[in-house]
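There are 2 protein chains.
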Amino acid sequence: MTIDELVHQVGEWLRGEGPYADIVISSRIRLARNLEAFPFLSKASDSDREQIYRVLIDSVSELKIGDDTLVVDIDDADELDRQLLVERHLISRQHAEGDGTRGVAIAEDEQTAVMINEEDHLRIQGMRSGLQLAGLFEEVNRIDDQLQQRVQYAFDKRWGFLTACPTNVGTGIRVSVMLHLPALKLTGQIEQMFRAAKEMHLAVRGLYGEGTDAIGDFFQVSNQTTLGQTENDIVEHFGSEIIPKIVKFELTAREMLEKDKSTLLDDKIWRAWGTLENARTISSDESLFLLSHLRMGVNMGRCKDIDLSKLNMLFLRSQPAHLQKLEGRRLDGEERSVARARYLRNILESNN
Amino acid sequence: MTIDELVHQVGEWLRGEGPYADIVISSRIRLARNLEAFPFLSKASDSDREQIYRVLIDSVSELKIGDDTLVVDIDDADELDRQLLVERHLISRQHAEGDGTRGVAIAEDEQTAVMINEEDHLRIQGMRSGLQLAGLFEEVNRIDDQLQQRVQYAFDKRWGFLTACPTNVGTGIRVSVMLHLPALKLTGQIEQMFRAAKEMHLAVRGLYGEGTDAIGDFFQVSNQTTLGQTENDIVEHFGSEIIPKIVKFELTAREMLEKDKSTLLDDKIWRAWGTLENARTISSDESLFLLSHLRMGVNMGRCKDIDLSKLNMLFLRSQPAHLQKLEGRRLDGEERSVARARYLRNILESNN
Chain A
586 MTIDELVHQV GEWLRGEGPY ADIVISSRIR LARNLEAFPF LSKASDSDRE QIYRVLIDSV
646 SELKIGDDTL VVDIDDADEL DRQLLVERHL ISRQHAEGDG TRGVAIAEDE QTAVMINEED
706 HLRIQGMRSG LQLAGLFEEV NRIDDQLQQR VQYAFDKRWG FLTACPTNVG TGIRVSVMLH
766 LPALKLTGQI EQMFRAAKEM HLAVRGLYGE GTDAIGDFFQ VSNQTTLGQT ENDIVEHFGS
826 EIIPKIVKFE LTAREMLEKD KSTLLDDKIW RAWGTLENAR TISSDESLFL LSHLRMGVNM
886 GRCKDIDLSK LNMLFLRSQP AHLQKLEGRR LDGEERSVAR ARYLRNILES NN
Chain B
586 MTIDELVHQV GEWLRGEGPY ADIVISSRIR LARNLEAFPF LSKASDSDRE QIYRVLIDSV
646 SELKIGDDTL VVDIDDADEL DRQLLVERHL ISRQHAEGDG TRGVAIAEDE QTAVMINEED
706 HLRIQGMRSG LQLAGLFEEV NRIDDQLQQR VQYAFDKRWG FLTACPTNVG TGIRVSVMLH
766 LPALKLTGQI EQMFRAAKEM HLAVRGLYGE GTDAIGDFFQ VSNQTTLGQT ENDIVEHFGS
826 EIIPKIVKFE LTAREMLEKD KSTLLDDKIW RAWGTLENAR TISSDESLFL LSHLRMGVNM
886 GRCKDIDLSK LNMLFLRSQP AHLQKLEGRR LDGEERSVAR ARYLRNILES NN
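Order-wise, the sequence lines are chains A and B.
When you line the first sequence up against the numbering used here, it's residues 586 to 937, in that order.
When you line the second sequence up against the numbering used here, it's residues 586 to 937, in that order.
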């Protein structure tokens with residue numbers, strides 16, 4: 586598989602299927618691991634980095650994380666390709682923008698991605714559309730076990746897996762769920778959700794992880810600590826308690842809007858449609874914001890002029906790197922806004 | 586003619602014809618006059634007011650300002666009717682909201698309106714679509730002369746016509762032109778126009794005269810002083826110098842936008858269309874703002890999906906009193922916003 590081929594598939598994280606798919610965009614689990622034989626990356630020499638990369642790429646290639654795995658040498662990769670992988674949530678922004686020998690191996694279905702030399706030597710990521718944590722955990726564990734047969738992890742009997750950042754020490758697990766919560770935002774209840782999440786020691790972030798804003802009512806909820814709990818406890822707690830609770834909170838807000846504020850609700854949805862269908866230049870943030878309202882309209886059955894899979898495609902392809910790939914050339918910010926508006930208009934008009 | 590019949594005609598001030606009609610909405614001239622036999626209104630007793638009203642209504646009725654004159658006793662009139670006359674620029678807001686015996690006589694074609702007991706005993710107003718000051722001045726003068734044959738005006742050989750407010754003493758004339766200047770607004774040059782107007786002792790006001798904001802890029806430019814110049818000088822100066830200069834300024838800004846910022850221009854125009862066609866609730870101010878951008882699009886030939894006369898009708902009928910008249914019942918603010926959105930949507934969708 587090539588990176589250019591990715592552009593033409595929808596991507597696991599926006600497939601729009603699986604349990605609670607109207608509210609839970611996707612579930613993600615990642616494990617942080619380091620090799621015993623090498624220093625952490627902050628202390629590693631260039632030669633260390635290269636050896637780590639070699640050892641891990643070979644091991645990952647051997648165990649076959651997918652039928653047609655895409656291996657990308659990130660240090661060598663084109664900037665647009667790196668950005669595209671971030672937009673598909675296959676690598677972190679840090680990994681795209683970092684320095685030195687580093688890479689990623691991606692399964693064809695985009696459900697698995699293994700980053701090498703990000704913050705830790707190894708980060709194994711599993712991703713599924715909707716709320717599917719249990720099966721996902723099994724899959725990530727399977728890869729972790731298979732790798733462990735090939736390489737020696739840095740592990741301490743008392744502390745567990747050793748990681749570059751102390752917050753990951755222990756299980757090295759991070760469970761993240763991307764949620765679409767437009768009704769909580771519209772009713773002003775989102776702050777209440779933030780406070781509750783904070784009390785449960787959860788981190789709430791924006792669409793592209795750490796340091797990004799919650800654009801378009803998308804919120805990524807994840808665990809903050811990995812020490813003192815088993816992986817199973819964390820996954821179970823997330824999948825059976827925390828997320829269903831937030832989902833219910835959003836559903837209640839949607840019911841309230843439908844009952845008491847249906848005009849306001851339709852106004853948001855249709856103004857979004859009107860702007861997306863007519864703008865001649867539009868930023869990435871604004872289009873995300875408006876597509877979010879449209880998504881709410883589709884999910885609540887109030888807008889039947891577009892289906893969810895087409896809408897998800899718009900979310901992904903209106904992002905900067907995807908847009909440039911589709912246009913087949915590099916565009917500056919202004920050109921992107923014009924191309925984005927044209928693309929959105931064409932798709933939405935063909936639906937009318 | 587009845588007030589309800591007015592709702593179904595477009596109104597002189599928005600007819601959209603006459604010289605420079607794409608930029609000059611309408612021209613207006615009003616003369617302030619008082620009767621010699623009665624004190625100014627600030628000093629007049631209730632009985633004085635009634636006598637003034639009687640004398641002037643009789644005189645105006647005799648001279649026939651139109652074929653089917655509408656006479657409205659404003660003190661007696663329904664609040665909605667008063668508001669409707671303000672929206673059509675047939676009476677001032679002050680006249681609608683004032684106290685005591687007062688009224689207005691309106692010619693069927695809405696080109697002439699005579700207010701009685703507004704700030705002065707008598708205010709004769711002539712209005713024409715586009716820039717048509719010379720003919721308009723003749724018409725207003727004719728009515729003034731005819732009235733002068735029937736009543737004795739308060740007039741001083743040295744000061745001229747005496748008026749309640751010193752700024753009107755002299756000729757008692759106010760020349761106002763309503764302009765649509767979206768390109769000067771978009772290019773940020775409008776402040777420059779304001780400064781130039783101030784230097785020429787002109788007043789720049791909003792859509793509904795004194796104390797109203799310039800909503801939707803509509804600006805009313807009028808003379809501030811009436812003393813020391815003849816009426817002819819003032820009218821001539823306005824019609825041949827000031828207004829053509831502002832019109833040219835706006836046209837140059839439009840050319841610049843078309844040449845250098847055509848995407849921004851189309852973006853404004855089509856976003857306005859998209860919102861007007863899709864909103865489920867919309868305020869009067871927002872709809873004016875958006876209709877203004879659409880008007881620019883139509884006038885510049887960039888939007889051919891609606892014609893100017895239909896658009897002018899939307900301007901007028903989306904105003905609060907017109908909207909309630911069309912709906913056939915009183916509506917509170919929220920209901921009006923919903924009814925306005927529905928009305929706009931229906932008209933624009935039928936154009937698609």
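By construction, these hints were calculated from the structure, which means they are not laboratory data.
No residue lacks a Cβ here, since even glycine has one placed at the ideal position from N, Cα and C.
Check each hint, because a few of them may be wrong.
Claimed, not checked - Under the rule of at most 25 angstroms between Cα atoms (straight-line distance), these lysine to any residue pairs were calculated in the SDA-like manner:
#: 1; chain 1: B; residue 1: K628; chain 2: B; residue 2: N817
#: 2; chain 1: B; residue 1: K783; chain 2: B; residue 2: Y738
#: 3; chain 1: B; residue 1: K889; chain 2: A; residue 2: S869
#: 4; chain 1: B; residue 1: K846; chain 2: A; residue 2: Q734
#: 5; chain 1: B; residue 1: K844; chain 2: A; residue 2: G715
#: 6; chain 1: A; residue 1: K889; chain 2: B; residue 2: T866
#: 7; chain 1: B; residue 1: K889; chain 2: A; residue 2: G918
Unchecked claim - A short list of chain A residues far from chain B (calculated; beta carbon distances all over 10 angstroms):
#: 8; residue: T587
#: 9; residue: S632
#: 10; residue: D643
#: 11; residue: G715
#: 12; residue: L849
#: 13; residue: D852
#: 14; residue: T860
#: 15; residue: L861
#: 16; residue: T866
#: 17; residue: V923
Against the structure, the hints come out as follows:
no.	hint	result
1	B:K628 x B:N817	32 angstroms, violated
2	B:K783 x B:Y738	32 angstroms, violated
3	B:K889 x A:S869	29 angstroms, violated
4	B:K846 x A:Q734	62 angstroms, violated
5	B:K844 x A:G715	48 angstroms, violated
6	A:K889 x B:T866	20 angstroms, holds
7	B:K889 x A:G918	30 angstroms, violated
8	T587	33 angstroms, holds
9	S632	51 angstroms, holds
10	D643	51 angstroms, holds
11	G715	30 angstroms, holds
12	L849	7 angstroms, violated
13	D852	4 angstroms, violated
14	T860	5 angstroms, violated
15	L861	8 angstroms, violated
16	T866	5 angstroms, violated
17	V923	6 angstroms, violated
Hint compliance for this structure: hints 1, 2, 3, 4, 5, 7, 12, 13, 14, 15, 16 and 17 are not met, and every other hint is.
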